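Asks: Protein chains in written order, with numbering that gives the first Met the number 0: chain A, 0 to 314; chain B, 0 to 96; chain C, 0 to 100; chain D, 0 to 110.
Read the hints as simulated data drawn from the structure, not as lab findings.
One thing to keep in mind: the hints can contain errors.
Said to hold, decoys possible - DEER-style ranges, computed between Cβ atoms:
no., chain 1, residue 1, chain 2, residue 2, range
1, A, Gly263, C, Leu53, 50 to 60 Å
2, A, Asp146, C, Pro60, 28 to 38 Å
3, C, Leu70, A, Gly264, 45 to 55 Å
4, C, His35, A, Val116, 52 to 62 Å
5, A, Glu271, D, Thr88, 56 to 66 Å
6, D, Pro94, A, Gly264, 51 to 61 Å
7, D, Asn1, A, Tyr206, 21 to 31 Å
8, C, Val61, A, Ser257, 38 to 48 Å
9, C, Leu70, A, Ala276, 31 to 41 Å
As the structure is a prediction and not an experimental result, all values here were calculated from the model.
Even glycine gets a Cβ: it sits at the ideal position worked out from N, Cα and C.
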Amino acid sequence: MILDWLLAGALIGTAAGVLLTRDLYRSVVLFIIFGLLMALVWVRVEAPDLALAEAAIGAGLTGVLFLDALGHLNPDKAAAVRQKYRQPLLSGLAFLLALGVTGLLWMALVDSPQPGVHLPEIVDQQLLASGVEHPITAVLLSFRAYDTLLEVAVILVAVVVGLALRFSQEDQPAETQVLSPLLQKMLVWLLPLMLMVAIYLLWIGSYRSGGAFQAAAVLAAMAVLMRMSGTPIPGHSNLYLLRIGLVVGLGLFLLLGSVDLVSGGNFLAWPEGWEKASILVVEGALTFSLGMLLFSLFEASPAPKQASMTRGGGA
Amino acid sequence: MTWALWVSTLLLLLALVLGVWRVWLGPTLADRMLAAQLFGTTGVALLLLLAELLEQPALRDVALVIALLAVMATVAFVARAQPAGQSISKKENEDAD
Amino acid sequence: MLIDLLRSLLILVGAAFFLVGTLGLLRFPDAPTRIHALTKVDNLGLGLIVLGLLPGVASWPVVFKMILIWLLAIAAASLAGHLVVQAWAGSQNKETSSRDS
Amino acid sequence: MNTFFIYALTGGLLSSLGLLGFILHRHLLRRLMAFNLMGSGCFLILTGLSQSHQGVDAVPQALVLTGIVVAVSATALALVLIRRWYHLTGQTSLPEDVQSLEKTSSKEAQG
Numbered sequence: 000m001i002l003d004w005l006l007a008g009a010l011i012g013t014a015a016g017v018l019l020t021r022d023l024y025r026s027v028v029l030f031i032i033f034g035l036l037m038a039l040v041w042v043r044v045e046a047p048d049l050a051l052a053e054a055a056i057g058a059g060l061t062g063v064l065f066l067d068a069l070g071h072l073n074p075d076k077a078a079a080v081r082q083k084y085r086q087p088l089l090s091g092l093a094f095l096l097a098l099g100v101t102g103l104l105w106m107a108l109v110d111s112p113q114p115g116v117h118l119p120e121i122v123d124q125q126l127l128a129s130g131v132e133h134p135i136t137a138v139l140l141s142f143r144a145y146d147t148l149l150e151v152a153v154i155l156v157a158v159v160v161g162l163a164l165r166f167s168q169e170d171q172p173a174e175t176q177v178l179s180p181l182l183q184k185m186l187v188w189l190l191p192l193m194l195m196v197a198i199y200l201l202w203i204g205s206y207r208s209g210g211a212f213q214a215a216a217v218l219a220a221m222a223v224l225m226r227m228s229g230t231p232i233p234g235h236s237n238l239y240l241l242r243i244g245l246v247v248g249l250g251l252f253l254l255l256g257s258v259d260l261v262s263g264g265n266f267l268a269w270p271e272g273w274e275k276a277s278i279l280v281v282e283g284a285l286t287f288s289l290g291m292l293l294f295s296l297f298e299a300s301p302a303p304k305q306a307s308m309t310r311g312g313g314a
Numbered sequence: 000m001t002w003a004l005w006v007s008t009l010l011l012l013l014a015l016v017l018g019v020w021r022v023w024l025g026p027t028l029a030d031r032m033l034a035a036q037l038f039g040t041t042g043v044a045l046l047l048l049l050a051e052l053l054e055q056p057a058l059r060d061v062a063l064v065i066a067l068l069a070v071m072a073t074v075a076f077v078a079r080a081q082p083a084g085q086s087i088s089k090k091e092n093e094d095a096d
Numbered sequence: 000m001l002i003d004l005l006r007s008l009l010i011l012v013g014a015a016f017f018l019v020g021t022l023g024l025l026r027f028p029d030a031p032t033r034i035h036a037l038t039k040v041d042n043l044g045l046g047l048i049v050l051g052l053l054p055g056v057a058s059w060p061v062v063f064k065m066i067l068i069w070l071l072a073i074a075a076a077s078l079a080g081h082l083v084v085q086a087w088a089g090s091q092n093k094e095t096s097s098r099d100s
Numbered sequence: 000m001n002t003f004f005i006y007a008l009t010g011g012l013l014s015s016l017g018l019l020g021f022i023l024h025r026h027l028l029r030r031l032m033a034f035n036l037m038g039s040g041c042f043l044i045l046t047g048l049s050q051s052h053q054g055v056d057a058v059p060q061a062l063v064l065t066g067i068v069v070a071v072s073a074t075a076l077a078l079v080l081i082r083r084w085y086h087l088t089g090q091t092s093l094p095e096d097v098q099s100l101e102k103t104s105s106k107e108a109q110g
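Okay, chain A solo, but in the shape it has when bound (with noise of 0.2 Å):
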């Protein structure tokens, strides 16, 4: 219990120093430091599948958005400062505001009435039928698979959209890269490791804490780092190959999810007796998909300003 209040203490402490200090880089190292605090959390609220993905995203993508962009942001550091603090009248109600926010939240919590289902049985009771043994791969692959797909298809809507930002512009995305000896041979046994982890996820999803999301993000890291270590890509230049690489977990989990709907079934039930060979085809090519999207994502930023930081050619 004094581990958890502890625990509790710190992220609170850590979100505030976030918010609170006048300095952009402190704020940013606080923050990747509260996405590791974040996976100990989950741990603690029992959930390691969470865990999971906060601790590969968190290590893995936040951190490498957010200094990326700092590095772009830098110049006018200084005239953010500034403008912090400028009206104490809107802090006050600010304050006050979440102060307000907060109270009614924790009266809310305190007194929440009880639920009329028991989804943990429920989701124990059916899991058998889906064809996973591991909960949360059932409930996001079967019994909510409906969510999951509207989800996949929000972010590769925001990858468009990221895409389009970047085809529209002229300018190339920053290529500097890191050319440290020491980083390109530890890249070669570090990115076939980054890999194999990933696969690890995946497979092991069917049946204890992993799966598609988390594996995705292990796999997006990868191919980040490998974008800033200059580490050739395959097929990194080609758009068609972009492109289906995007939609092929979307149109895989649309197809497979269809055939039940074909025959006379229900839409996204998967075919009888194929349940967990479906569930692994579509979480294998949501996962490439997905780690795709992500990288992609980081991929559509444009060139920072001054040219100094650009570097032609390597990938």
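Once you've looked at the hints, dock chains B, C and D against the given chain A.
Replies: Chains B, C and D in isolation, oriented as in the chain A frame:
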């Protein structure tokens, strides 16, 4: 045995909380990135201990992922967020040429 | 019994190393010295903890995985130290050269 | 009061902290971080509250899992937009917010 694990977990969490102080102090982004790196290592140790304590083998996977991706933030820092606005690796390369 | 005592000791000492490492991170004067706290002390601590936990692990793949985690942490820390100190030296150089000119 | 409930309360506090930051800050990057903190708070409330009643529950966990991935996608898209905005205007705040303040652009900004 169990009490030793719990005490160690608390010690590690304490180390984690103290480490935030270095992030706050800075003074340079490099110092902050080092502290973040330390967070990763401590988090890995914490997760391994918790995996044993809570008997959740999945936590070892979380530790594996964190250890695997620990280099990402540092590489991003060197590649993109250099305060000087110039990649050190580039300079080093020119020296070598 | 004895092995349990030994394991507890290893784990406790490992955790203590982490605390010392954090102390080093807080007390050392600049980035290059702080790297010592990060790369040496913490990875030793992690190694001790892994060593202490290993006898309680049932299967070989898990043993392999835990050792892999330790090796990865060492590699990551050394790479981070290498890159950060280069960056730090680069920014110091730039500072002094701009001060000179 | 069980462990889950502690974190539900933490999530409540985190959400309002994020809201506060979202209102107070004008720098878009910091607003985005505040927004992310709000999101994390919501995730904590979701899982913490439902699990404090019924024990470990896969449904809210799956919900939050997709939520985390969507959140990072939204963050990445927001960063693309913010950087594009900066690229076009040279500013890191929205026009309504920048009117009042004078522009200072120091090239050698260093923490």
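Asks: Are the hints correct? Go through all of them and say.
Replies: Cross-check of the supplied hints:
1. As the Cβ distance of glycine 263 of chain A to leucine 53 of chain C is approximately 55 Å, the hint placing it in 50 to 60 Å holds.
2. The hint said 28 to 38 Å for the Cβ distance between aspartate 146 of chain A and proline 60 of chain C, and at roughly 34 Å that hint holds.
3. Take leucine 70 of chain C and glycine 264 of chain A: their Cβ atoms lie about 49 Å apart, and the range 45 to 55 Å holds.
4. The given range of 52 to 62 Å is respected by histidine 35 of chain C and valine 116 of chain A, whose C-beta atoms sit roughly 56 Å from each other.
5. In this structure the hint that glutamate 271 of chain A and threonine 88 of chain D lie 56 to 66 Å apart at CB holds, the actual value being about 57 Å.
6. In this structure the hint that proline 94 of chain D and glycine 264 of chain A lie 51 to 61 Å apart at CB holds, the actual value being about 54 Å.
7. For asparagine 1 of chain D and tyrosine 206 of chain A, the Cβ-Cβ distance of about 27 Å falls inside the hinted range of 21 to 31 Å, so the restraint holds.
8. Here the CB-CB span from valine 61 of chain C to serine 257 of chain A is close to 41 Å, well matched to the stated 38 to 48 Å.
9. The hint said 31 to 41 Å for the Cβ distance between leucine 70 of chain C and alanine 276 of chain A, and at roughly 35 Å that hint holds.
The structure shown violates none of the earlier numbered hints.
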